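Student: Residues per chain are reported as follows:
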Amino acid sequence: MALMPKRVKWRKQQRGKMKGNATRGNYVAFGDYGLQSLDTHWISGRQIEAGRIAAQHFLRRQGKLYIRIFPAKPISKKPLETRMGTGKADVDYWAACVKPGTMLFEISGVPEDLAKQALARVAHKMPVKCRLVGRRLAV
Amino acid sequence: MSHKTPSIEAALRERIGTRYARRVRQTGQLPAVIYGHGTAPTSVSVNEKQIVTALKQNQHVVELAIAGGATETCLVKELQFGFLGDNLIHVDFTRVNLDERVTVKVHLHWYGTPELAKKPGHVLTHDQSEIEVTCKVSDIPSELRVDLGKVMHSHNLHASDITLPAGVSITHPKLIIARVEEIFDAAPAEAAAPGTGAEPEVIKAKKPEDGAAATDAKEAKK
Numbered sequence: 654m655a656l657m658p659k660r661v662k663w664r665k666q667q668r669g670k671m672k673g674n675a676t677r678g679n680y681v682a683f684g685d686y687g688l689q690s691l692d693t694h695w696i697s698g699r700q701i702e703a704g705r706i707a708a709q710h711f712l713r714r715q716g717k718l719y720i721r722i723f724p725a726k727p728i729s730k731k732p733l734e735t736r737m738g739t740g741k742a743d744v745d746y747w748a749a750c751v752k753p754g755t756m757l758f759e760i761s762g763v764p765e766d767l768a769k770q771a772l773a774r775v776a777h778k779m780p781v782k783c784r785l786v787g788r789r790l791a792v
Numbered sequence: 158m159s160h161k162t163p164s165i166e167a168a169l170r171e172r173i174g175t176r177y178a179r180r181v182r183q184t185g186q187l188p189a190v191i192y193g194h195g196t197a198p199t200s201v202s203v204n205e206k207q208i209v210t211a212l213k214q215n216q217h218v219v220e221l222a223i224a225g226g227a228t229e230t231c232l233v234k235e236l237q238f239g240f241l242g243d244n245l246i247h248v249d250f251t252r253v254n255l256d257e258r259v260t261v262k263v264h265l266h267w268y269g270t271p272e273l274a275k276k277p278g279h280v281l282t283h284d285q286s287e288i289e290v291t292c293k294v295s296d297i298p299s300e301l302r303v304d305l306g307k308v309m310h311s312h313n314l315h316a317s318d319i320t321l322p323a324g325v326s327i328t329h330p331k332l333i334i335a336r337v338e339e340i341f342d343a344a345p346a347e348a349a350a351p352g353t354g355a356e357p358e359v360i361k362a363k364k365p366e367d368g369a370a371a372t373d374a375k376e377a378k379k
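In the order they appear, the protein sequences are chains A and B. Quick note: the first sequence uses this note's numbering, first residue 654, plus one each step. Quick note: the second sequence uses this note's numbering, first residue 158, plus one each step.
Derived by calculation from the structure, the hints in this document are not laboratory data. Watch out, some of these pointers could steer you wrong.
Quick list of in silico lysine-lysine cross-link-like pairs, BS3-like style, CA-CA up to 30 Å [claimed, not checked]:
no. : chain 1 : residue 1 : chain 2 : residue 2
1   : A       : Lys741    : A       : Lys659
2   : A       : Lys717    : B       : Lys307
3   : A       : Lys670    : B       : Lys307
4   : B       : Lys307    : A       : Lys662
Partner residues are not named here, just some residues of chain A that face chain B (Cβ under 10 Å, in silico) [as the list claims (entries may be wrong)]:
no. : residue
5   : Met657
6   : Val661
7   : Arg664
8   : Asn674
9   : Ala675
10  : Asp685
11  : Gln715
12  : Lys717
13  : Pro727
14  : Ser729
15  : Leu733
16  : Trp747
17  : Gly754
18  : Arg789
19  : Leu790
Small disclaimer: the values here were computed from a predicted structure and weren't measured. Quick reminder that beta carbons are idealized off the backbone N, C-alpha and C, glycines included.
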């Protein structure tokens, strides 16, 4: 089942803009390896769930998977063959706004080769160009 | 410090700002700033290759040889990365004396596997890859090696369980740094999750009573 918020303040939202690069959530924080977005896109709850399933079926209870994005934005869509007007349409799906640099998924507790294979499978489910990254330098 | 303090070439930056910092980066240098010890901050540029090499060797203290100036012993205080996190764009240095006590993050080198993690369905996760320690500048370890096979006897490994070199103390001893977690199949949790057709609860929905009262008031005004 796709992710969505439990409670919201407002039922619908405006589309908004996704300019620039990610300034938060753009580094591996919890796991050892991460999948980083290189594009700007809305990622739906279904796509996130597809990625989670792809990784967990591959990992088979080895390693821990962290989902770093959450679909908090309601996206509305008018039904097919409907005349324009009569107000904003109903919510069709929930999406996460992703900018270049956003960390989408992280994996810990597995060797590098296994983590890379799992994240490559996740990347196939994502509507954005992705790359695999490790932890960055720290002081 | 287990290694010899590396010496890094630096030069004073006369012009500061985004545009000039970018030009500095194009020449293989890295913009940096030196502050601390009650003196005015100095904008410098350092050799990128040298500083990256030193950081990859887990060095915290460097000797900055400023062209036409003095050599300063500095602690690497903060790093700034580009948005993809793979390129260093700025370094903050702070002036230190070797006898000064400082708080720094030290890299944790894990090895060994605890017995608990060998059970099926159990996963060892490293919650921290660095740990904050307080020690003299001359005593900063380049890394702390932790043998999980010997140290980890329960599901959680706390910072206080690590064996430390003399003169080094941990800032947050109760911090959990590694865990053995049992991974369950996600299927039961999924069944409980709301369906695709389900809608989230709207917390600021208008109360129908208030709305009716408002329309009554308007009508009364008319």
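Student: With a cut-off of 10 Å, does the beta carbon of Val661 of chain A approach a beta carbon of chain B closely enough for the hint to hold?
Tutor: Since the shortest Cβ distance to chain B is 5 Å, the answer is holds.
Student: Check the hint pairing Lys741 of chain A with Lys659 of chain A against an upper bound of 30 Å on the C-alpha distance.
Tutor: This hinted pair holds, its Cα atoms lying about 22 Å apart.
Student: Using Cβ atoms only, decide whether Leu790 of chain A comes closer than 10 Å to chain B, and label the hint accordingly.
Tutor: holds, 5 Å
Student: Under 10 Å is the threshold here; is the Cβ of Lys717 of chain A close enough to any Cβ of chain B for the hint to stand?
Tutor: Because about 5 Å separates Lys717 of chain A from the closest Cβ in chain B, which is inside the 10 Å limit, the hint holds.
Student: Answer holds if the nearest beta-carbon of chain B is closer than 10 Å to that of Arg664 of chain A; otherwise answer violated.
Tutor: Holds: closest Cβ of chain B sits about 5 Å from Arg664 of chain A, inside 10 Å.
Student: Please verify that hint: Ser729 of chain A, Cβ, nearest Cβ of chain B, below 10 Å or not.
Tutor: Given a least distance of 12 Å, the restraint on Ser729 of chain A is violated.
Student: Less than 10 Å between beta-carbons is the criterion; does Gly754 of chain A satisfy it with respect to chain B?
Tutor: Since chain B brings a Cβ to about 4 Å from Gly754 of chain A, closer than 10 Å, the hint holds.
Student: Identify whether the interface hint at Leu733 of chain A stands, where standing means a beta carbon of chain B within less than 10 Å of its own.
Tutor: Where the cut-off is 10 Å and the nearest Cβ of chain B is about 18 Å from Leu733 of chain A, the hint is violated.
Student: Less than 10 Å between beta-carbons is the criterion; does Trp747 of chain A satisfy it with respect to chain B?
Tutor: holds, 8 Å
Student: When the nearest CB of chain B is found for Asp685 of chain A, is that gap smaller than 10 Å?
Tutor: The hint holds - Asp685 of chain A has a Cβ within 10 Å of chain B, the shortest such distance being about 7 Å.
Student: Per the CB criterion, is Asn674 of chain A less than 10 Å away from chain B?
Tutor: With a closest approach of 4 Å, the Asn674 of chain A hint holds.
Student: Hey, Lys307 of chain B versus Lys662 of chain A, does the alpha-carbon distance stay inside 30 Å?
Tutor: Violated: Lys307 of chain B and Lys662 of chain A sit about 50 Å apart, past 30 Å.
Going down the numbered hints, you'll see the structure goes against 3, 4, 14, 15, while the others check out.
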